[in-house]
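J.: Now for the letters of each chain:
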Amino acid sequence: MKARRVAAVVLRQVYLLRGSMSRILPLFIWVAVDMVLWGFISRYLSTLASPGFDFIPALLGAVLLWDFFGRVMHGVTMAFFEDVWSRNFLNFFATPMRVSEYVTGLVLTSIATSTLGLMAMIVVATGAFGLSFLAYGPLLLPFLLILFMFGIALGILSAAMVLRLGPPAEWFVWPIPGMLSPFVGVFYPLSTLPDWMQVVSRFLPPSYVFESLRAMLEGRPAHLGDLGLGLALAGGYLLLAAWVFTRVYRHAVQSGLLARYSAESVS
Amino acid sequence: MTGFPDVTASHPPLDPGATVLEVCELCRSYGDLQAVDRVSFQVGPREIVGLLGPNGAGKTTTINMVLGVLQPTSGSIHIDGVDLGSRRSQALERTNFAAVYAPLPGNLTVRQNLRIFGMIYGVEGLARRIDEVLEFFDLRTLGDTRCGVLSSGEQTRVSLAKAMLNRPHLLLLDEPTASLDPATARDIRRIIRDFTDQGPGGVLWTSHNMHEVEAVCDRVLFLSRGRILLEGNPRTLPEEHGKESLDDLFVAVAREPLTLEGVVEGVEA
Chain A
1 MKARRVAAVV LRQVYLLRGS MSRILPLFIW VAVDMVLWGF ISRYLSTLAS PGFDFIPALL
61 GAVLLWDFFG RVMHGVTMAF FEDVWSRNFL NFFATPMRVS EYVTGLVLTS IATSTLGLMA
121 MIVVATGAFG LSFLAYGPLL LPFLLILFMF GIALGILSAA MVLRLGPPAE WFVWPIPGML
181 SPFVGVFYPL STLPDWMQVV SRFLPPSYVF ESLRAMLEGR PAHLGDLGLG LALAGGYLLL
241 AAWVFTRVYR HAVQSGLLAR YSAESVS
Chain B
268 MTGFPDVTAS HPPLDPGATV LEVCELCRSY GDLQAVDRVS FQVGPREIVG LLGPNGAGKT
328 TTINMVLGVL QPTSGSIHID GVDLGSRRSQ ALERTNFAAV YAPLPGNLTV RQNLRIFGMI
388 YGVEGLARRI DEVLEFFDLR TLGDTRCGVL SSGEQTRVSL AKAMLNRPHL LLLDEPTASL
448 DPATARDIRR IIRDFTDQGP GGVLWTSHNM HEVEAVCDRV LFLSRGRILL EGNPRTLPEE
508 HGKESLDDLF VAVAREPLTL EGVVEGVEA
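In order, the protein sequence lines correspond to chains A and B. In this text, residue positions in the first sequence follow my numbering: the first is 1, and each later residue adds one. In this text, residue positions in the second sequence follow my numbering: the first is 268, and each later residue adds one.
Bear in mind the hints are in silico, worked out from the structure with no lab data behind them. Just to be clear, a hint being listed does not mean it is correct.
Label pairs and their computed distance ranges (CB to CB) [what the hints assert, rightly or not]:
| no. | chain 1 | residue 1 | chain 2 | residue 2 | range |
| --- | --- | --- | --- | --- | --- |
| 1 | B | Asp299 | A | Pro168 | 21 to 29 Å |
| 2 | B | Gly415 | A | Ile41 | 37 to 45 Å |
| 3 | A | Gly19 | B | Pro449 | 30 to 38 Å |
| 4 | B | Tyr368 | A | Lys2 | 24 to 32 Å |
| 5 | A | Ala215 | B | Ser341 | 57 to 65 Å |
| 6 | B | Asp398 | A | Lys2 | 39 to 47 Å |
| 7 | B | Val416 | A | His251 | 33 to 41 Å |
C-beta atoms are modelled at their ideal positions from N, C-alpha and C, and glycine is treated no differently.
Next comes chain B alone, as it looks inside the complex:
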């Protein structure tokens, strides 16, 4: 994978100090179950924010709401300052996503899928752009292969190629390196890092790999039972909470959220 594809925005430029994603008091309930509870956070330009937490913490629910496929019970989401609730289409033009549970249709080739999604996102110079992302993600030889017969690593690269097609301001990645071998996972991490280093975009990233999070993310949010328990720099956060590593902190959040909640509330008070 060489020559990072152009990530300069095709959308209006960001204002200085603007956020690419602003989530405010977001709630989502299913009957009595509060899946997401008053979650607020921001993702700035060129920032990678990790959304961490045990299974069922509310990470994917939050991402689904940011993607506009799940309506919040209350709260607001702004992408590039555009309100997702009232201007869904305009807000989603500036975003894209890749998720391990949403592979591109397996019955179309890589190039066909990229063309279709490029048209949906209104990508200018689409043929050239497809060539760029195929080249960059080392997919040129697989362009005419049906996605369904690709390995999981290749499918992930295709999903990321799709996610980069429209040069999004906000990139949502739900466990993008799950099921990848270490070498490919490292490549993917470098790509995402380059995406924020070389363009104006920001990334919201979920992962269960704490080493990866520590290496890539500028900031992390720990979710548990639908609430943000901790927020901070992944390289200093464990020490601030008396843990040796981010792994230990993750386990503490998963097993003893109430203890940590007390710590955080104490700090905030």
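The following block holds chain A by itself, in its conformation from the complex:
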């Protein structure tokens, strides 16, 4: 893997972001709006709850972590879509660049953009609503790591799906975080769900984050084993995503899909 080629993929995204407010603002605006909305909802619910229970770290904190996951995932897919929209695949893949270098560039781009989004959320959540990350203690690190790894994995899988099915398939990608959220228990304990949904939840790494977060805030011991399982699952999905993308790319080269990709639909 050559660092200079990876840097070229990242630099392309930097140029695109730097030159376009319509690309920069969405990194901050929607997550900031989410923080404001859920900050007020959390504050209101705290007034209804029994004294001593604070919804800010439980609800607003959970929404912040979930938004971070969404930012990470869309950080990968947005960088990929830029090449779809500008019909750049032929230019990129007819060069010495390897698939691993390209995907690494997408991941690094996502790290940068999701970090910006996370900072914006932290500023709003702490500044306006007094959310303190000290409440999560050192467990914040595995929380973020699991969500980050799963977000990257889903981003790469989504990019593979669009590469395989064609540009119109991008519309399957946008709702993925929303479709997963009922299963991972961002807003409620998994025990609330019917059995079949709980089975699905066990295969989704964020479930372990939100269950541990709630347990910790309720004063119960954190489920370190569960967090370890979540981390292992996220790592597994990451490896699976890299394998799937490589397979889809090879199929695109074998079938002629890559050469014809500039067409709007290749299905």
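Place chain B on chain A using the hints.
T.: Showing chain B alone in chain A's frame:
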């Protein structure tokens, strides 16, 4: 456009008698359709080879396979002696391309695009090299302009500037002068001619402009229905096959390939 940019190789020098491109028994099928059928040819150093044929003959399919974006059904491709199938990245370091259907991303400036592709190709002294190609292709004043707002002629020059960035041993040009005015097309032809005269590189060129092919190419290959029907010097080939001009020969290949195939097979026998 003045002062041809340095085209001396940044890659290991070519061995005497080596080929920059060797295509051997290349086949590509889509189901029952044989798009490319046992195509073999070579491009030598300082040689411009024209790949000609009617639409759908298999020219772009062949170029896509040489670019590594389409896998052959069978056959082999060696660039500078490096097997594209097993050492794709190393083989493609020595090549570059410009195609009318693959403009550089329109949402970046000319200089930004050149920097990105220069980094991907591992160009040494990239800033200086970008200045060189911008100067040569008369793009200096357009360096900070987004590619998407350039005229088609300017976009072609940008694509060629990108194609020259890494001083390739093999340059693939798919209809590089399509949609250009005659004066710009003439400039482009001169540039490509200078590229082979002054450096070690070879060129594989597709075009539908037979006058251009006659003026530029050292050798031509006529493709029809995925097979090479004719091969030879574009200035003598028409007479050898009883045609007045390369245009007439092209029309014959397009309309009566079987007749010509018989002629060629007869000659070969």
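J.: How does the Cβ-Cβ distance of Tyr368 of chain B and Lys2 of chain A compare with 24 to 32 Å: does it lie in that range?
T.: Taking Cβ atoms as reference, Tyr368 of chain B and Lys2 of chain A lie about 28 Å apart, which means the hint holds.
J.: Kindly confirm whether 30 to 38 Å is satisfied by the beta carbon distance between Gly19 of chain A and Pro449 of chain B.
T.: The hint (30 to 38 Å, Cβ to Cβ) holds, given that Gly19 of chain A and Pro449 of chain B are roughly 35 Å apart.
J.: Is the gap between the beta carbons of Gly415 of chain B and Ile41 of chain A within 37 to 45 Å?
T.: holds, 43 Å
J.: At the C-beta level, are Asp299 of chain B and Pro168 of chain A separated by a distance inside 21 to 29 Å?
T.: Given a distance of about 28 Å, which is inside 21 to 29 Å, the answer is holds.
J.: Please check whether Ala215 of chain A and Ser341 of chain B have a Cβ separation lying inside 57 to 65 Å.
T.: holds, 60 Å
J.: Note whether the CB distance of Val416 of chain B and His251 of chain A lies within 33 to 41 Å or breaks it.
T.: This hint holds: roughly 36 Å between Cβ atoms.
J.: Look at the Cβ atoms of Asp398 of chain B and Lys2 of chain A and judge whether their distance stays inside 39 to 47 Å.
T.: For Lys2 of chain A against Asp398 of chain B, whose Cβ atoms are near 24 Å apart, the range 39 to 47 Å is violated.
Checked against the numbered hints listed earlier, the structure breaks hint 6 alone; every other hint is satisfied.
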